[in-house]
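Student: With chain B fixed as given, assemble chain F onto it according to the hints.
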Amino acid sequence: MSVTATTPATGIAWPWPVRPQHILLALFLIAYPLVATPFWTVQIGAQSLFFGVIALSLMFLAGYGGMVSLSQMTVAGVAAYMIALFGTNHVNIGFGWPWWAQVPAALIIATAAATLIGVIAVRTAGIYTIMITLAIGVVFFYFTRQNYAIFNGFSGFASVQAPVVLGINWRNPQPFYYLSLGVAAFCYLATVYVSRSTFGLSLQAIRDNPRRMGALGFNVYLHRVLAHSLAGFFAALGGVLLVWMNGRVSPGTIDIGPLINVLVIAVLGGLGRPIGPFIGAVVFVLLDNFAIDLIDPERFNLLIGSVFLLIVLFSPDGLLGLWQRLVGWSSTAGGAGSWRQNRSS
Amino acid sequence: MKLFILTMLNGLTLAALYFLVASGFTLVFGLMRQVNLAHGSLYLLGAYVGWSTADASGSWFLGAAAGFVSMAVAGVLLQIGIFRRMEGQDLRQTLVTIGISIVLADLMLWIWGGKTYQFDPPGWLFGATPLPFINAYPTYRLVLLALSVVIGIALWLFLNRTPVGMMIRAGVDDRAMLSCSGVNVQRIFAITFAIGAGLAGLAGVVGGTALSIAPGEDTRYLLASLVVVIVGGMGSVTGAAIGALLIGLAEQLGLAYSPTYGVVYTFVILVAVLAFRPQGIMGRPA
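Those protein sequences? They're chains B and F, same order as listed.
Taking the working numbering, the leading residue of the first sequence gets 1, the next gets one more, and so forth.
Taking the working numbering, the leading residue of the second sequence gets 1001, the next gets one more, and so forth.
With the rest of the complex left out, here is chain B (with noise of 0.2 Å):
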């Protein structure tokens, strides 16, 4: 359905028209830190676009792939693991390997993961999908807690620094904010590419038809596995970011709430398209550093849980879709909420 909402774009041509909204977006995200508080930098600026990217790779798997997945995190707290073991650490147990040798290994190692993950996922489908990438990313979380010779048990690592690069430690807040970024345009970009590349389409047609798709002989489940493969990729670079900003990864960071807030900033902003987990992650970025003005600041799981159980019944497209119907552009919102509908078949 959501094939057809836009134009397919023949070759490789820039995907879509570039509007005045888009260049004044592009402008705000860049001169943003040189107005910023660094808090408002990093804290607020920085985390959206890197939860953005974890939450996207969501986006990607149940929007276009009709897979929901809940261990996109745990794809995210591997990349984070790997760089704090491929790189120094505070128990000494890293290697120190440089930053251009850690960060491919650790995307590597993270798709790879993902991958298989992918492969026993895609054996489930629709809300089997969702509790075996539950029941995986809950087992691995234990098992990041008991094993010591690698992941270090339950404290994890701490002091994992970001790199020095060109004179630029990365970690200050301006330049993290733009490799952020940076990351976080790339993932964009690519998302809208793939989505009406060959292989986003046939995913998009799987996603409404996989046996009429498996009958016209497109391979459905290397289909279904490769959207893994690509969605954990962008997972891992999220992944990577956090582990840099945190300067710290732990069970914790992988333990059942974070699995859960992906698909929760995800639905928030909207599974249809794109920039709905940005949407999501501003969000709830924004309501995780002030619920302690809102209500008392241990209540944000009540507040969070409130707003998305608000928006799930009320608004099943996300804020993306109140926006949309807001603005009345709801005829051309086909991708929003073809995934459930297909599933609910």
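Some hints here could point you the wrong way.
One-sided excerpt, in silico: chain F residues whose CB lies under 7 Å from chain B [unchecked claim]: (1) L1095; (2) I1102; (3) P1130; (4) L1223; (5) V1227.
Derived by calculation from the structure, the hints in this document are not laboratory data.
We put the beta carbon where it would ideally sit given N, CA and C, even for glycine.
Tutor: For chain F alone, coordinates are given in the frame of chain B:
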């Protein structure tokens, strides 16, 4: 030998507990195709309500009854208030139950705090029963084992020998046809949900007595139910029993013989089942 028998008994009692929690989960899923990811929250809420009742009244049995009844009522409310309004939208229902579980978990933390609670069951339940080979074993755990066998048989009889059970099974096979033959499907759904949720609440009290109740138990039992039901096959009570046995025994054997990675055995079973029989041991292909 002694360790082995003890481990097997521990595994069996854990399996009994898992069965109690998972049977409600699988029942609800089997009939209504509704994945209730708030099932763990119902377990914990039932345990807390049961504990408060038992604490106020001084009767453990009243507490157990309160756990069952309060969650059965909560289940009916959930079914009528929420699930019925989004029938057929599996994923949305799943998301709603995730939202509910987040909210409930925080509300419970608010009301009952982060403390660990322990039940105070009647004395004759709490002693030790002498057994050959291992000297003695907690009576309560043997009672738990017996209780879950009784509930399993009762559930089986209910589903296979009563008119309502017959309708539930018919609903599992073909919901539309059942509705066409004049059965009030909504009432059947409400009854099933009440039983499923009530069993979760009862399991909360029973399990809370065997172990303890604390925040976080909700996700633990949700995960256990998920794994048990995936392994056993969705919608099959027999499958839930088999899955519970496999997982309970694997967990305890793993804990006894290779303490670090007990949880990994569970995972291996899960992957093996998915690789060779994706619909679960007793499940039917979707």
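Student: Now tell me, hint by hint, if it's right for this structure.
Tutor: Do the hints match the structure? See the list:
1. L1095: With a minimum Cβ separation of about 5 Å from chain B (threshold 7 Å), the hint on L1095/F holds.
2. I1102: Holds. Min distance 3 Å.
3. P1130: Because about 35 Å separates P1130/F from the closest Cβ in chain B, which is outside the 7 Å limit, the hint is violated.
4. L1223: holds, 5 Å
5. V1227: This interface hint holds because 6 Å falls under the 7 Å limit.
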